[in-house]
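Undergrad: Take these sequences, add in the hints, and give me the full structure.
Here's the letter readout for the chains.
There are 2 protein chains.
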Amino acid sequence: MESTTTSDIEIMLSSQSKINEVDFENLTFGTVFTDHMLVCDFKNGEWQKPVIQPYQPFTLDPSTKVFHYGQAIFEGMKAYKDEQGDVWMFRANENFNRFNKSAIRLAMPEVPEEVFMGGLRKLLHIEKDWVRYGMGRSLYIRPYMIATGEGVIAQPSSEYKFVIILSPAKSYYNQEVKVVIANHYSRAANGGIGAAKAAGNYAGQFYPTKLAVEKGFQQIIWTDDATHTKLEEAGTMNVFFRINNTLITAPTSERILDGVTRKSLIDLAKREGIDVEVRSLLVDELLNAAKNGTLKEIFGAGTAAVINPIVGFAYEDLYFDLPKIENSMAMELKDKLNKIQYKLAEDTFGWTEKIE
Amino acid sequence: MESTTTSDIEIMLSSQSKINEVDFENLTFGTVFTDHMLVCDFKNGEWQKPVIQPYQPFTLDPSTKVFHYGQAIFEGMKAYKDEQGDVWMFRANENFNRFNKSAIRLAMPEVPEEVFMGGLRKLLHIEKDWVRYGMGRSLYIRPYMIATGEGVIAQPSSEYKFVIILSPAKSYYNQEVKVVIANHYSRAANGGIGAAKAAGNYAGQFYPTKLAVEKGFQQIIWTDDATHTKLEEAGTMNVFFRINNTLITAPTSERILDGVTRKSLIDLAKREGIDVEVRSLLVDELLNAAKNGTLKEIFGAGTAAVINPIVGFAYEDLYFDLPKIENSMAMELKDKLNKIQYKLAEDTFGWTEKIE
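Which chain is which? The protein sequence lines are G and S, in order. Here my numbering is used: the first residue of the first sequence is 61, the next is one more, and so on. Here my numbering is used: the first residue of the second sequence is 61, the next is one more, and so on.
Keep in mind that the hints were calculated from the coordinates and are not lab data. Treat the hints loosely; a few may be bogus.
[Said to hold, decoys possible] Below are the DMTMM-like pairs computed for lysine to aspartate or glutamate, each with C-alpha atoms no more than 20 Å apart in a straight line:
#	chain 1	residue 1	chain 2	residue 2
1	G	396	G	142
2	S	270	G	170
3	S	270	G	219
4	G	270	S	314
[As the list claims (entries may be wrong)] Here are some chain S residues the structure puts well away from chain G; computed CB gaps all over 10 Å:
#	residue
5	78
6	79
7	160
8	238
9	241
10	327
11	332
12	338
Yeah, the Cβ is synthetic: ideal placement off N, Cα and C, and Gly gets one too.
TA: Set out below in structure tokens:
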């Protein structure tokens, strides 16, 4: 192995790469994984030595706590290749910080920076060939942690496994997205775990989303659970509304994920002189804006899709198509963000980090 | 094997039992498992043949959906041995029905009755020796289902594993339980998954409970997340309050689990002529009752502990000890319920089913 500052990470390389078996032109998101993964176990009250090893299954007892009590958190971010063939991470440090906030909320141990960030840098260095150049192409990074202690008693686990797996990706959503505004189901409680990237937050969304899909929609715009009057998230993404030339997105809270794409878009929009309001848009305001023609755009923002324009929404018995517009802020911001990610424009924010 | 109506269940018996290695006098709840488990896989849109096999670990890909999106549900119930050595299930059909309600809410496939109930009966028949006679002794039954499909995209899995494992148990809580009334954190949202026995509901409780433990309490009494004025559950149990001679327990809702012990206690109390009110008790009512001496008892109700008396509670800066009373309704109801479970009293409700 090359000499890098990884004396504290054990590296076991795969004897053979499967990269030549992968059709990079036809990738289904999140289904193909690279040759290696990082694994670090927490036991006896401390993190053990992280290991980069061939991608391989885990062997877990049927009483493993993640199966029963849901202590499981994750992150999602991407690495990109530039025209020169260098690989860049985008704001991975933000994901690292959020991961540990999720860990605290789920009563799981925080992962040390040298394990999460140090391990990730080394893993990306080893898997550089899996990042392909070209707009929309990326290597999706999935760090996660699960409770691996055994025993069916509802108490926090004393053992955990931190893992990073990598999946080559092309663009995420291709279809036109129509959404339903939630008026009964919800994704997060006040004082709950909605701000954590916890596995349990996702499972609860599937059934309401299935009901929406059965009615011809693809996603749900979630509202606050107490009153269903405040617009909060779109599917598994943050959500932005453009009324006239103002962008509006909900403030982060215990119910809303502090999305890295969301905050990057807010910064980018401000730099571009776009008026951004971080406040709760009310359902009534949205309906009025749709009726009087001032509602121009709605889009989701998240790592997987970056920006996902919404073409129409339903609320109770009403349905509204979004107007087709020339100068879409969603498309402008997506383009500017992509150019930073692919190193095609100057990164004035310091968001990108080169993998050496 | 004996001839039973299990031609549709494949049975692979362990070559050697580990029962003689188990110290039944010193059992930690949920840590010792019997020789066999039932496993049934769902794939290609249908349930495969259930298998009773030696208790053994699972091999799962790092991208398995239960690790990432939290599709995981479970049940908990008990089997008891009577003086004659016969084994009885207690209201297992209620757990079966609730399991499938949880499955629907988590967008998981419902488990057929012949797999859940038929498999359970056969498994208990095989493991009869693991049920010991004596008050407080039981065999804890843990059916659960996890998403076993692979891929890190936030969509319902297409593959699942249904499992039943069994754990011999003695009584659950021994310590005196003091609780904190939640005024910030919460366990369930309106329109959320609080009524489902979903893994994700438990992980979210651990951190607030840890904060309570650090202050010298053992559990939290959860309140509604929107106003924190309605008393809803105690830890992972339903909760009953006795004011004067009236028992009060919250109605089931989207936020509250429809507990089998809870509903059994309501029926038992009514049969005994105890006044039961199924309504939301308000925090203010509780504080007033504690101050004016009409609050007599608080207890949690759930399968693991059956009834768990609470000896004191804190609310913000206030602390109240519960009075020590002679004629405890909690103890009376627990005794009557236990006698039905152990077949020491007539089961006028038809709650018990003999394992043949």
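Undergrad: Against this structure, judge whether each hint is valid.
TA: For each hint, the structure was consulted:
Of the supplied pair hints, the one linking residue 396 of chain G and residue 142 of chain G holds, its CA atoms being roughly 15 Å apart against a limit of 20 Å. A threshold of 20 Å between alpha carbons decides the hint, and for residue 270 of chain S with residue 170 of chain G the separation of about 15 Å falls inside it, so the pair holds. Proximity of residue 270 of chain S to residue 219 of chain G is assessed by CA-CA distance (about 17 Å); at most 20 Å being required, the pair is judged to hold. Of the supplied pair hints, the one linking residue 270 of chain G and residue 314 of chain S holds, its CA atoms being roughly 18 Å apart against a limit of 20 Å.
Here residue 78 of chain S stays apart from chain G, with its beta-carbon at least about 14 Å from theirs, past the 10 Å limit. Look at residue 79 of chain S: its CB is around 17 Å from the nearest CB on chain G, clear of 10 Å, so calling it non-interface holds up. No beta-carbon of chain G is positioned within 10 Å of the beta-carbon of residue 160 of chain S; the least distance is around 13 Å. No beta-carbon of chain G comes within 10 Å of the beta-carbon of residue 238 of chain S; the shortest separation is about 17 Å.
Here residue 241 of chain S stays apart from chain G, with its beta-carbon at least about 13 Å from theirs, past the 10 Å limit. With a least CB separation of 26 Å from chain G, residue 327 of chain S remains clear of the 10 Å interface cut-off, as annotated. Distance to chain G confirms residue 332 of chain S as a non-interface residue, since its nearest Cβ pair spans about 30 Å, more than 10 Å. A cut-off of 10 Å between C-beta atoms confirms that residue 338 of chain S is not in contact with chain G; the least separation is 23 Å.
Of the numbered hints given earlier, the model fails none.
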